[in-house]
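**Q** So the sequence lines, in the order shown, correspond to chains Z and H. Start counting the first sequence at 9; every next residue gets the next number (our numbering). Start counting the second sequence at 21; every next residue gets the next number (our numbering).
Hints are computed from structural coordinates only; laboratory data are not their basis. Note that the Cβ used here is the ideal one computed from N, Cα and C, for glycine as well. Just so you know, not all the hints are guaranteed correct.
With beta-carbon atoms standing in for the labels, derived distance ranges [stated by the list, open to error]:
id, chain 1, residue 1, chain 2, residue 2, range
1, H, TRP116, Z, GLU78, 29 to 35 Å
2, Z, LYS193, H, VAL44, 52 to 58 Å
3, Z, ARG69, H, TRP116, 36 to 42 Å
4, Z, PRO31, H, ARG55, 36 to 42 Å
5, Z, TYR44, H, ILE236, 25 to 31 Å
6, Z, PHE128, H, ARG55, 28 to 34 Å
7, H, TRP116, Z, HIS95, 33 to 39 Å
8, Z, TYR44, H, GLU232, 46 to 52 Å
One-sided and incomplete, this derived list gives chain H residues near chain Z with beta-carbon spacing under 10 Å [as the list claims (entries may be wrong)]:
id, residue
9, LEU97
10, ILE101
11, HIS110
12, SER112
13, LEU113
14, VAL115
15, SER117
16, ILE162
17, TYR317
18, TYR318
Residue-level listing of the chains:
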Amino acid sequence: MNSSNNNPLQEWNYENAQWTRLPSHVKHLPLFTRHYDLVSLMFRTLWSLILKYGFFKFYIRLKVRGDFDEIYHNYPRLLVIANHASHLDAVSIAAAIPFRYWMDLYIAAAKDYFFSNPLFTFFSKHCLGAIPIDRKDKKGEAVELCLTLLNRLERIWLIIFPEGTRSKDGYIQQFKRGVSLFSEKTTTPLLFLYLEGNTDLWPKGRVFAKPGQLVLHIGPVHPPGPIELIYEHYREWVTRINPNAFKIEDEGV
Amino acid sequence: MHESLWHEPLYRETALLVIGVLFVVGIGFFFLRNRNTHTQASWASIKSWLFAAPVMFIACGLPGSWPLVALTIASMLGVKIFYQMLGIYHRSLFVWSTYVALIGLAVAIHHDARDLYNLAPMIFLAAISLIPILTNSADQMIQFVCLTLLGFSFLGWALMHLGWIWQLRGGPYLVLYLVILTEVCDNLHLSLSRHVGSIKLFARISPKRNLEAGLITLVLTITLAWALRHLLPENMRGFEYWLTAGMVSAWGGSLGDLILSAIRRDLGIKDVGPFIIGRGDLLMIMDRMIFVAPIFYYALRILEALFQTGAVTK
């Protein structure tokens, strides 16, 4: 890269690490280079049309209580957290967020499910912008991946489910520490969301969702903090919307 | 408006034959795939063609100008991989300029504007030279302009000569003929090099191929060109045409393969990701046609000038 006196031309610097060094399942993530892939853009546009004007309009009626625009302008970097009880959750949150923000939207998704075969991998990469989270990963590579993206990108909304997995009974479970770790290490605030009706529409174990209404409540933005505090505030906010969202005996983390 | 080629028995027979042969050979290699690295590589190659061949036949069989659209999309995907290799894929203005120029080339082919087509690399160079001015940036601009022009020339101007061949009388069959010859030649050369020969003319660029296997492949490709001459239009079935097709597929294809190999070696990379389910990336499937298409097109024009068979007319 440095020019010398004998060589008036700079040496060429091929910035191809993004496409030549990364394994296929994370190549879509801007770890070395920020770029907007035409294929991703095309499939994401198609996917958003299907979601917004098809599935979440006629099959499941998605209602959004709150406004994403103001939050997007004030908080370019956010951890978007929500309760998790069905496969509808990630896509319904994505469908609720205006498409113009989608290229900055990422979803932490289980690698063993969303990247389990070439078709799912293609869909997860290009339609969801999924970050593969290996649930059996002991080395913390998935954590590093999320931290790198949160530190590196000027604009990123990362959807993450702090319960870690889908709730079996529909009640909101205790939060795992990961979300707090991401938030504190990268000083990224958290946006509270609450999905009402997801358990009824597509509970764990059911093959596919049944038609009905799903309500997405947009909550406050919470500063980074310990998981106990985040859980407590999330619980307070959700209980005001649905007093039965948590099991009565489930006190604290 | 061209009708779909699927109405023609010759097209259906050719598609069935090619996919059938791939399937039968594929079954053989499926059972042999774990024997050694060579059978693994062969199986990977066949797997990729088991996917690519039906896609190619579907695209070529589309009615009207849709095959030209398909060629333009293939060209764009090739450019994408080429730019990823060269590390300029995130330089959006250069990438989008190339995509627009590729669409321009397709429009020129569609309207038979050959002069405009041949001027396109110069027009494109002028256009991308404006990018440093428009962005008010000089950083690495010599590099970006040069690499973008290289990408456009190879995967746009050169490769899209397939569109010109397509426009000729019996053009779709000429394109299929060339693709079959070129791919069979590539795989034969690679396979034979493992068993015969030792003279490696380009050991530092393509160490897996040797001269002796190359010469045997040339003879076999010309033989195949003769055997498949029924795909050529009637006024092009003379020996000069199939001989030229065989030679261009063998030598032109090798040239494309060597040049892209040299670029990959200079960059220190093999590929930028698997092509669907096979080996290498999409560019590896296309690289030989980058040179075969323009050489064959101009060879046809020279033959036409020499023999006046009326072959190079619509």
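**Q** With chain Z as the partner, please determine if ILE101(H) meets the hint condition of a C-beta pair closer than 10 Å.
**A** Interface hint status for ILE101(H): holds (8 Å vs cutoff 10 Å).
**Q** Starting from the range 36 to 42 Å, see whether the pair PRO31(Z) and ARG55(H) falls in it by beta-carbon distance.
**A** violated (27 Å)
**Q** Go through the hint on VAL115(H) and say holds or violated, using the shortest Cβ distance to chain Z against 10 Å.
**A** holds (8 Å)
**Q** Does the closest beta carbon of chain Z sit nearer than 10 Å to the beta carbon of ILE162(H)?
**A** Holds, about 7 Å.
**Q** Is the hinted range of 52 to 58 Å satisfied by the C-beta distance from LYS193(Z) to VAL44(H)?
**A** holds (57 Å)
**Q** Taking the beta carbons of ARG69(Z) and TRP116(H), is their distance inside 36 to 42 Å?
**A** holds (38 Å)
**Q** Restraint: SER117(H) near chain Z, CB-CB cut 10 Å. Satisfied or not?
**A** Check failed: Cβ of SER117(H) comes no nearer than 13 Å to chain Z, outside 10 Å.
**Q** Could you see if the CB distance from TYR44(Z) to GLU232(H) stays within 46 to 52 Å?
**A** Since the Cβ atoms of TYR44(Z) and GLU232(H) sit about 48 Å apart, the hinted range of 46 to 52 Å holds.
**Q** Regarding the hint that SER112(H) lies at the interface with chain Z, is the smallest CB-CB distance below 10 Å?
**A** This interface hint holds because 7 Å falls under the 10 Å limit.
**Q** Using Cβ atoms only, decide whether LEU97(H) comes closer than 10 Å to chain Z, and label the hint accordingly.
**A** holds (8 Å)
**Q** Go through the hint on HIS110(H) and say holds or violated, using the shortest Cβ distance to chain Z against 10 Å.
**A** Where the cut-off is 10 Å and the nearest Cβ of chain Z is about 4 Å from HIS110(H), the hint holds.
**Q** Do the numbers back the hint for TYR318(H), that is, is its least Cβ distance to chain Z under 10 Å?
**A** Hint on TYR318(H): violated, closest Cβ of chain Z at ~32 Å, above 10 Å.
Consistency note: the structure conflicts with the earlier hints numbered 4, 5, 13, 15, 17, 18.
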